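Starting from the structure of chain Z, add chain S where the hints point.
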Amino acid sequence: MRRKSTAGNGWLRLPFWLTYLFLYAPIAVLVVMSFNRNKSPYSWGGFSLDWYGRLAGNSDIRTGLVNTLIVAFGSTALSTILGTLLAIGLARHTRSKLLDALATLPAILPDLVLAIGLLVFYSAIKMTLGLHSVLIAHTVFGMAFVAAVVRARLGHVDTSLEEASRDLGATPFTTFTKVTLPTLAPGIVAGALLAFTLSLDEFVIAFFTAAPSQPTLPIVIYSMVRFGVTPEINALATLLLAVSFTVVIAAQRLTKLTEAL
Amino acid sequence: MTSPPVVRKAVARVVTLGPGFGFLTVFLLVPLALVLSYTVFRRGRFGGIVYQPTGENFTRLADPLYLDVVAGSVKIAALTTVLALLLGYPTAYMIARLPGRWRVIALVAVVLPFWTNFLIRTYAWIVLLNSQGPVNSALKALGLGPVELLYTDGAIVAGLLYAYLPLMILPLYSAIERLDPQLREASANLGARPARTFWSVTLPLSLPGVLTGCVFVFVPSLGNFVIPELLGGGRRIMVGNLIRDQFLKARDYPFGSVLALAVIAVLVLLLFAQAWASRRAGRDAS
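Which chain is which? The protein sequence lines are Z and S, in order.
Read in order, the letters of the first sequence correspond to residues 1 to 261 in this note's numbering.
Read in order, the letters of the second sequence correspond to residues 262 to 547 in this note's numbering.
Just chain S, with the same shape it has in the complex:
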C-alpha cells in the first residue's frame, strides 16, 4: 500500500458511505421529493399527473368532509395516546424498580407481543369483541349484554392501544430508569410525601420520555388504516384510510401527497416539541 493517507481516506469514505447513501438517494430521497412535488400539480384524468401548477390540492384540505376526517382521527389517536400513557407510565415505573433479573423478563414480556404479526394481533380483537366472543359471553352471563363492541370507535382505540402500547412503555422506562435515585431520596429526606416527590421530581424529569412515547403512539395511530377498517368495520374513516384510498382507489396522487405531507408535518412538529422539552428537562436536572 503505497498510496498516500489522504487518498486512502477518501477511498475508505467512498467505499463505506457510497453504496448506502446511493441506495437511500434513489429509493428514499427521490421518492419523497416526488411526493412533495406532486402536491402542487393537477391529477390526470385516469390517475397519473398533469404538470400544471395548482394550489387546489391544499385548499381541498379545508373541505368540511376532510376536516371531519382529520378531527375524528385526531380524537381517536389522542384518546389512544392518553390511555397508553395512563397504563404505560405506572408499568414503566414498576419495571424500572424491579430487581435486575425480573426487570429484563418484564421488559422482554412487554416487547414480545410486538414481535408477532400486526394483522394477527388485530385479528385477535375481532375474535375477542365479536357478538359471540368471550367478552360478550361474559357480559351476557352477568346479564349486561350482548353489547355491540366490534365495529365501534372503542374497538379501534383498543386495537391501536394493543398495537402501540410497547412503543409508549419503552421510552418511558428508559427515561425513568435513568433518573438518579438520590434525587428521589433527597426529596423524601426533605420531608416530601411520595406523591409530592412524584409530581415535582420524577414526572418533570421523565417528561422527555413521556413526549417521545406520545409521539411514537400518536403518529402511527393517525396513519393506521388497517385497524379502522378491520375493527371499525369501515364506519370510521381515518387519515390513514383517506391516504390509502387516494393512492390505491381514487388514484388522486396529488391530494394523497398533500395528506401525507400533513402527517409528516405533524410528526416533525411533535419531534421538535419533544427535543425542546428534553433540552429543558436536561437543564433542570443539572
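Same shape as in the complex, but just chain Z:
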C-alpha cells in the first residue's frame, strides 16, 4: 500500500525541484556576477575581486552598515529584555486573552501599517527622527518575536524546579536568576537572534522612521538599486548572503546544542 501511494507522487517532483530552482537560481546568478571582471554585469570577463575592493571603499555603505548595527544591537537588547519578561508574565501571571493578542499584534501587523503609525506618532509629538526612532520601531516588533519564542520554550519547562527553589527559601529574585532564566536560555538566545536578523534586514519601517541623514544599510541599498544595476551591489549581496546563511545555520546548530544540554 505504502509503496503504491509514494509511486503515485512521482509527478510532484517537478514542482518540488522547480521551487528550489526558483529560490536559488537568482541568488546563484548574483554570486557568480560578483566575481566578474567585466563592468557590464551580463558577460563574463574572467575572475576578479575588483567589486569587493570597490565596495570596501564605498563610504555610503560603511556609514549605513554602522547605523544598521547600532540599531540592530540596541533594539535586540531592548527586545530581549522586554520580550522575555512579557513571555513570563503572560505564561504565569495573567490569563487575559486580550493581553495575549496585544503581545502578538506587532508580529502580524503589516510592516507598512506599523511604519505609518510610528511616523504619524513621531510627528505628532514633534520628535526629531534619527537612529533612536528606528531603534524604538524595531523594538516594537522584535519584542513580539522574542516573547513568542520564549513562550514556546516556557511550555516545555518543568515548574517543579521553581517550586523547589522557593520551598528551599530562595527569594523570588534568586529563583528568577538562578532557576527560571537558565532554563529559558535557549529560547531567549533563539529569540534574540531572530530579533537581530529581522532588524538587520528591515527596510520599510526604517524607511519611514529614519532621518534622511542617517540611513540604515537597507535604505542605502534601496537608493543604489533605484539607480539601476551596479556590480558593487552583487559583491555586497554575496557578502550579506554569506552573513545571513552563517547566522541561520549557526542558530540552527546552537538551538540543537542547547536543547541537548
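Do not take every clue at face value.
[As the list claims (entries may be wrong)] Calculated pairs, EDC-like style, for lysine to aspartate or glutamate (alpha carbon to alpha carbon, straight line, at most 16 Å):
#	chain 1	residue 1	chain 2	residue 2
1	Z	K39	Z	E232
2	Z	K178	Z	D158
3	Z	K178	Z	D167
4	S	K270	Z	E163
5	Z	K178	Z	E163
6	S	K270	Z	E162
Rather than coming from a laboratory, the hints here were simulated on the basis of the structure.
The structure displayed is predicted, hence computed values, not measured ones.
Okay, now just chain S, sitting in the frame of chain Z:
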C-alpha cells in the same frame, strides 16, 4: 521575604508585564489610535491635520482613479497567491513525506533565501529580467527574444512570489505534516485511488494551512511598494505605493490613514475566514 503571597503576586505581575505593555501602549496602541482618528479629520494645507470632522476621506476611496489602483493590486496579489499555492502545495507535501534528516534540510533550504535582505532578493530579479540579462540571452539564443520582461506586471508577480513563497510553504507544511497517515491509509484500504484520497481527505484537512498561507502571501503583496517600484518601473501603482505617497509625498495623512485602515480590514476579514475554516476542519477530523 515577609510580604504576603497576594502582594508578591501583584509585584511579579507588574514587574513582568508592566514594561512590555507600557512600551506597546505608547509605541503601538497610541500610534494606531492616532492613525484611526486621522481618518475622520481634514488634511492641513501643508501636511498635518485640521481637527474638523469630515467623511470625505472615505468617499474619496470610491473615486475611479483609486478603485482602479485597488482592483489592479488585488489582481496582482491574487495571481501571486495562486502561483504560490500551485508551487508551494506540492513542495510542502513532498517535504512532509521526506525522511527526518532530509526534511530538516529541505525546510531550512526553503527558509534560507528568506533570511537574506529583501532588497537584494528584489535586485536579483532586475539582473535576471534585464533586456541583456540571462533570461533574455537564453531567449535570444532560442530565437524567441529579446522580450521586454522587466517593468511589467509579470516582473512584479515574479518578485512578489520570490519574496513570499516561503510564507506559503511553511504553514502548508505544518498542516500536512500534522495529518494522521492512518487517514490516508484507511482511504487507500477502502479502495480510493491516490487522487481521490488527495481530493477528499488530504486537501480538505489541510485547508486551514492553505488559508493561512494565502493570507501570509496575499496581504503583504497588497501592501508592498518596493517591488512595484523596482520591478514594475513605477508603471503599475499598487495600494502600498499609494499609501507610501500619501505619507511621504502628498502629506495627506487622513487619506493615507483610510487606505491603511482598508488594508487592516482585509487582513482581519481574511484572518476570521481562516479561523472559521480551521474550526470546521477540526470538527471534520474528529
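The hints, checked one at a time:
| no. | hint | result |
| --- | --- | --- |
| 1 | K39(Z) to E232(Z) | holds, 10 Å |
| 2 | K178(Z) to D158(Z) | holds, 14 Å |
| 3 | K178(Z) to D167(Z) | holds, 14 Å |
| 4 | K270(S) to E163(Z) | holds, 14 Å |
| 5 | K178(Z) to E163(Z) | holds, 13 Å |
| 6 | K270(S) to E162(Z) | holds, 15 Å |
Violated hints for the displayed structure: none, as all numbered hints are satisfied.
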